[in-house]
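Protein chains: 2
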Amino acid sequence: MNIVLLSGGSGKRLWPLSNDVRSKQFIKIFKGENGEYESMVQRMYRQIRALDREAKITVATSKAQVSAIHNQLGEKVGISVEPCRRDTFPAIVLAITYLADIQKVSPKEPVVVCPVDPYVEQDYFDALKTLCSQAEKEEANLVLMGIEPTYPSEKYGYILPEDKKCISAVSCFKEKPDIQTAKRYIAQGALWNGGVFAFKLEYLLKKAHELIDFTDYQDLFSKYETLEKISFDYAVVEKEPLIQVMRFGGQWKDLGTWNTLSEAMEESCIGEGIMNEKCTNVHIINELNVPVLAMGLHDVVISASSDGILVSDKEQSSYIKPYVDKIDQQIMFAEKSWGSFHVLDVEHESLTVKVTLNKGHSMNYHSHKNRDEVWTVILGSGRTIVDGMEQQVHAGDVITMQAGCRHTIIAETELKLIEVQLGREISVYDKQKFALE
Amino acid sequence: MNIVLLSGGSGKRLWPLSNDVRSKQFIKIFKGENGEYESMVQRMYRQIRALDREAKITVATSKAQVSAIHNQLGEKVGISVEPCRRDTFPAIVLAITYLADIQKVSPKEPVVVCPVDPYVEQDYFDALKTLCSQAEKEEANLVLMGIEPTYPSEKYGYILPEDKKCISAVSCFKEKPDIQTAKRYIAQGALWNGGVFAFKLEYLLKKAHELIDFTDYQDLFSKYETLEKISFDYAVVEKEPLIQVMRFGGQWKDLGTWNTLSEAMEESCIGEGIMNEKCTNVHIINELNVPVLAMGLHDVVISASSDGILVSDKEQSSYIKPYVDKIDQQIMFAEKSWGSFHVLDVEHESLTVKVTLNKGHSMNYHSHKNRDEVWTVILGSGRTIVDGMEQQVHAGDVITMQAGCRHTIIAETELKLIEVQLGREISVYDKQKFALE
Numbered sequence: 079m080n081i082v083l084l085s086g087g088s089g090k091r092l093w094p095l096s097n098d099v100r101s102k103q104f105i106k107i108f109k110g111e112n113g114e115y116e117s118m119v120q121r122m123y124r125q126i127r128a129l130d131r132e133a134k135i136t137v138a139t140s141k142a143q144v145s146a147i148h149n150q151l152g153e154k155v156g157i158s159v160e161p162c163r164r165d166t167f168p169a170i171v172l173a174i175t176y177l178a179d180i181q182k183v184s185p186k187e188p189v190v191v192c193p194v195d196p197y198v199e200q201d202y203f204d205a206l207k208t209l210c211s212q213a214e215k216e217e218a219n220l221v222l223m224g225i226e227p228t229y230p231s232e233k234y235g236y237i238l239p240e241d242k243k244c245i246s247a248v249s250c251f252k253e254k255p256d257i258q259t260a261k262r263y264i265a266q267g268a269l270w271n272g273g274v275f276a277f278k279l280e281y282l283l284k285k286a287h288e289l290i291d292f293t294d295y296q297d298l299f300s301k302y303e304t305l306e307k308i309s310f311d312y313a314v315v316e317k318e319p320l321i322q323v324m325r326f327g328g329q330w331k332d333l334g335t336w337n338t339l340s341e342a343m344e345e346s347c348i349g350e351g352i353m354n355e356k357c358t359n360v361h362i363i364n365e366l367n368v369p370v371l372a373m374g375l376h377d378v379v380i381s382a383s384s385d386g387i388l389v390s391d392k393e394q395s396s397y398i399k400p401y402v403d404k405i406d407q408q409i410m411f412a413e414k415s416w417g418s419f420h421v422l423d424v425e426h427e428s429l430t431v432k433v434t435l436n437k438g439h440s441m442n443y444h445s446h447k448n449r450d451e452v453w454t455v456i457l458g459s460g461r462t463i464v465d466g467m468e469q470q471v472h473a474g475d476v477i478t479m480q481a482g483c484r485h486t487i488i489a490e491t492e493l494k495l496i497e498v499q500l501g502r503e504i505s506v507y508d509k510q511k512f513a514l515e
Numbered sequence: 079m080n081i082v083l084l085s086g087g088s089g090k091r092l093w094p095l096s097n098d099v100r101s102k103q104f105i106k107i108f109k110g111e112n113g114e115y116e117s118m119v120q121r122m123y124r125q126i127r128a129l130d131r132e133a134k135i136t137v138a139t140s141k142a143q144v145s146a147i148h149n150q151l152g153e154k155v156g157i158s159v160e161p162c163r164r165d166t167f168p169a170i171v172l173a174i175t176y177l178a179d180i181q182k183v184s185p186k187e188p189v190v191v192c193p194v195d196p197y198v199e200q201d202y203f204d205a206l207k208t209l210c211s212q213a214e215k216e217e218a219n220l221v222l223m224g225i226e227p228t229y230p231s232e233k234y235g236y237i238l239p240e241d242k243k244c245i246s247a248v249s250c251f252k253e254k255p256d257i258q259t260a261k262r263y264i265a266q267g268a269l270w271n272g273g274v275f276a277f278k279l280e281y282l283l284k285k286a287h288e289l290i291d292f293t294d295y296q297d298l299f300s301k302y303e304t305l306e307k308i309s310f311d312y313a314v315v316e317k318e319p320l321i322q323v324m325r326f327g328g329q330w331k332d333l334g335t336w337n338t339l340s341e342a343m344e345e346s347c348i349g350e351g352i353m354n355e356k357c358t359n360v361h362i363i364n365e366l367n368v369p370v371l372a373m374g375l376h377d378v379v380i381s382a383s384s385d386g387i388l389v390s391d392k393e394q395s396s397y398i399k400p401y402v403d404k405i406d407q408q409i410m411f412a413e414k415s416w417g418s419f420h421v422l423d424v425e426h427e428s429l430t431v432k433v434t435l436n437k438g439h440s441m442n443y444h445s446h447k448n449r450d451e452v453w454t455v456i457l458g459s460g461r462t463i464v465d466g467m468e469q470q471v472h473a474g475d476v477i478t479m480q481a482g483c484r485h486t487i488i489a490e491t492e493l494k495l496i497e498v499q500l501g502r503e504i505s506v507y508d509k510q511k512f513a514l515e
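Chains A and B supply the protein sequences, listed in that same order.
Here the first sequence is numbered in our numbering, starting from 79 and rising by one per residue.
Here the second sequence is numbered in our numbering, starting from 79 and rising by one per residue.
Just chain A, same shape as in the assembly:
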């Protein structure tokens, strides 16, 4: 099975666990099979692998997420990286061109595209498989998944099938409605359009070349910025006459708000948290290393990270975005492909950061114009290169670097260090990268 997982943009609806660099799909909030917490991305990846060990999984995403994806899914996962944001049609075309040209998938094979963030069970992946088989039959050019609505949602477009069979022709599409209209659609037998669909690779490659002037993956990638922003639904789905919908009645939840996300949590508390017996329907998600104590609360979600603390009535948690948008908070924590960083202290002319490097990984070789840095290694061992000079280091070693000096560290084991940045103008933009001599 060829699966393209669309890993969408950064979101603030799950602040303080999601932010400009960490999307909700990377929050480790679900109990995995081995008892460890896993993210939406990890959960879905594991679920697909459980069904089909040989599945060719490609994550279509933006540059900003590449580090986090490698960090969570390993180095082997296929990633189609959008050079910039250009809506779903260009993103999907880039991904399937990547499948054809880089992954060498045969044009005769079916491909299924789906978002990475719905909360689903194994039956969903069985349905994806059926969707692929249906696409292979070529009764239609596109086979959509139509999700049986559980409530009159305003968040989805609706698909009206021609009949009630499991697989049906599509009668028409409806844009995201208001609640009243949604109720009417549902009464008419409409299904949610969750953006899940299958097709034969050659079909969409042909469509792509009809609509975009490009030769191959590299060419498309290089001109990506010049492409028109247009959605896949608008460019392809709504114009395609040969289209089918397959109904899906299993669990399919969009965990886009703390309200819906906390409902999917198996435990009421992740991280250090205590609730007294007067609490009802309270969820705590605490990434800090100090405890949260909740007393006498009802229908409340508490979420704490290095970026901030949210305490919200569950229903009200759907409305946090405008408030979070106003918060001008430096990003205090980020996962990178090589490990993670964690801002510990912010002063006017200094910044203290804890850096964790995964075994075998290293930073870019780089320098800063306007700041000195001091590293104190607190765990593990590795090698530093400072202005070309290589040196073995281990816990307890101190490395001082003046502004302008080029430096990196290579972790031979897991390695942690405390970095103190010193200068008048400390900025993440003050960084020049170099190739190692």
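If you're looking for bench data, these hints aren't it; they were derived computationally from the structure.
Ideal placement from N, C-alpha and C gives every residue a C-beta, glycine not left out.
Check the hints yourself; a few may be wrong.
[Unchecked claim] Covered by chain A, per the in silico footprint, the following chain B stretches (three or more residues, Cβ under 8 Å):
| hint | region |
| --- | --- |
| 1 | 211 to 221 |
| 2 | 315 to 324 |
| 3 | 374 to 382 |
| 4 | 413 to 424 |
| 5 | 465 to 476 |
| 6 | 494 to 500 |
[Unchecked claim] Computed list of lysine-lysine pairs in BS3-like fashion (alpha-carbon distance at most 25 Å, straight line):
| hint | chain 1 | residue 1 | chain 2 | residue 2 |
| --- | --- | --- | --- | --- |
| 7 | A | K356 | B | K109 |
| 8 | A | K356 | B | K399 |
| 9 | A | K356 | B | K233 |
| 10 | B | K356 | A | K404 |
| 11 | B | K307 | B | K284 |
| 12 | B | K182 | B | K284 |
| 13 | A | K182 | A | K242 |
| 14 | A | K233 | B | K356 |
| 15 | A | K182 | A | K301 |
| 16 | B | K233 | B | K215 |
| 17 | A | K90 | B | K356 |
| 18 | A | K356 | B | K404 |
| 19 | B | K106 | B | K154 |
| 20 | A | K414 | A | K437 |
| 21 | B | K90 | A | K356 |
| 22 | B | K109 | B | K154 |
Position chain B against the provided structure of chain A, taking the given hints into account.
What follows is chain B alone, placed relative to chain A:
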């Protein structure tokens, strides 16, 4: 006026802002005259000074609080330090002996004793003055303040006056009652016993020598540990036949829980906090440098510090103690006479701390047996002494200290440093102090 302020023990009822080393009276939560926040101790000190610039103020407290008191009230305030906890009678005797022998207060002068933590207005201090004058008249040996009850509290003992005059003889004392009994007492005209009373110094010195075998302050201090634990009420008040009560009808609030404390806050939010318009009766006290966002909450207090996060229904906040007792959390922040420390990161074999030294202050000259340390100065300048070697340091300098080496730093300006502790057995108890050669 001679005032002894009893600064009581550490408490967990205002966790996470109070803990084993920080008592509630040191939490900066009230808007002071210059717009800066002040603590209960600072507020009361300022209020007394406003009434009587010459007032001789002595804080009776334990060793653990001396640093915080000097930090908040300056070096000049008189402190009578109990070598260990021995209930209120020994503590008050030690304090008045300190007044007589160290502060050289004449035995003929009146002294007023009161707790440091009620939330009061200026009229309370006028009442203290009247209490002193009344003691000077020698109509009685002890003059108590009787606070007019505002509700049938179970937290206070009650005083039954013989009549309703402003100053009256005491008919009898009642122990802390249950609510029903409290209502009955109040119907009978009883007043709260808030532990506020005045006397002539010579009276209590005589009583002290009757009950304790000691010569002077130094002698009492040295045998303090051998003294019987006994309350002042039990040892003196309840046995004294010549006793008066002066009624006080002004504001007198015990801010011992988040519920009562938040009621006394002028703003609904201290520190970085945002509430949406659906919040009602919500208070945020946030000492962290990241924001708290509250959405759709009612009657809730949120309090966040380096030690943890409390989110509590206001009424339920009275019951946090047993839950906090169970939290075995390292102390992450403490104010000291020389400045403060702030734990930034805890790893298995390292600890990263931010140390702030006030101008002109220094650490003890000390060494550690089982850990190395690295200092990176991030602000200000001063001098380090490491194994007797003195060195000028300023922001950007790095000092490395092996286990066993003796070290201190003297701040010439306000000075901040990041200290990384490295070792297998990091403990606050691993510290040997030395005199500077």
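Hints, one by one, checked against the model:
Only residues whose C-beta sits within less than 8 Å of a C-beta in chain A count toward coverage, and the region 211 to 221 of chain B has 0 of them, not enough to reach three; the restraint is violated. For the region 315 to 324 of chain B, the proposed coverage by chain A is not satisfied: 0 residues have a C-beta within less than 8 Å of a C-beta in that chain, short of the threshold of three. Check result for the region 374 to 382 of chain B against chain A: holds, 5 residues qualifying (beta carbon to beta carbon below 8 Å, three or more required). Proximity of the region 413 to 424 of chain B to chain A, defined as three or more residues with a beta carbon under 8 Å from a beta carbon of that chain, is established by the 4 residues found.
Note: the region 465 to 476 of chain B has 3 residues with beta-carbon separation from chain A under 8 Å; the three-residue rule is met and the coverage holds. Counting residues of the region 494 to 500 of chain B whose C-beta sits closer than 8 Å to any C-beta of chain A gives 4, which meets the bar of three, so the coverage hint holds. Taken as a hint, the A:K356 and B:K109 pair is broken in the structure, with Cα atoms around 33 Å apart against an allowance of 25 Å. A hinted pair counts as satisfied when its Cα atoms are at most 25 Å apart, and A:K356 with B:K399 qualifies at roughly 15 Å.
Of the supplied pair hints, the one linking A:K356 and B:K233 holds, its CA atoms being roughly 24 Å apart against a limit of 25 Å. This hinted pair checks out: B:K356 and A:K404 have alpha carbons roughly 17 Å apart, not beyond 25 Å. Between B:K307 and B:K284 the CA atoms are separated by roughly 19 Å; this keeps the pair inside 25 Å, and the hint holds. Taken as a hint, the B:K182 and B:K284 pair is honoured in the structure, with Cα atoms around 16 Å apart against an allowance of 25 Å.
Distance hint between A:K182 and A:K242 is unfulfilled; the C-alpha atoms sit about 38 Å from each other, more than 25 Å. Restraint check for A:K233 and B:K356: satisfied, since their Cα atoms lie roughly 24 Å apart, inside the 25 Å limit. Taking the CA atoms of A:K182 and A:K301, the gap is about 21 Å. The hint holds against a cut of 25 Å. Under the criterion of a C-alpha separation no larger than 25 Å, the hint pairing B:K233 with B:K215 is inconsistent with the structure, at around 31 Å.
Restraint check for A:K90 and B:K356: satisfied, since their Cα atoms lie roughly 20 Å apart, inside the 25 Å limit. A distance of roughly 17 Å separates the Cα atoms of A:K356 and B:K404; the hinted pair therefore holds under the 25 Å criterion. Annotation: proposed proximity of B:K106 to B:K154 holds, straight-line Cα distance about 20 Å (limit 25 Å). The straight-line distance between the Cα atoms of A:K414 and A:K437 is roughly 13 Å, inside the 25 Å bound, and the hint therefore holds.
As the CA atoms of B:K90 and A:K356 are separated by approximately 20 Å, the hinted pair is consistent with the 25 Å bound. Among the hinted pairs, B:K109 with B:K154 is consistent with the structure: their alpha-carbon atoms are about 23 Å apart, no more than 25 Å.
Of the hints listed earlier, those the structure fails to meet are numbers 1, 2, 7, 13, 16, in rising order.
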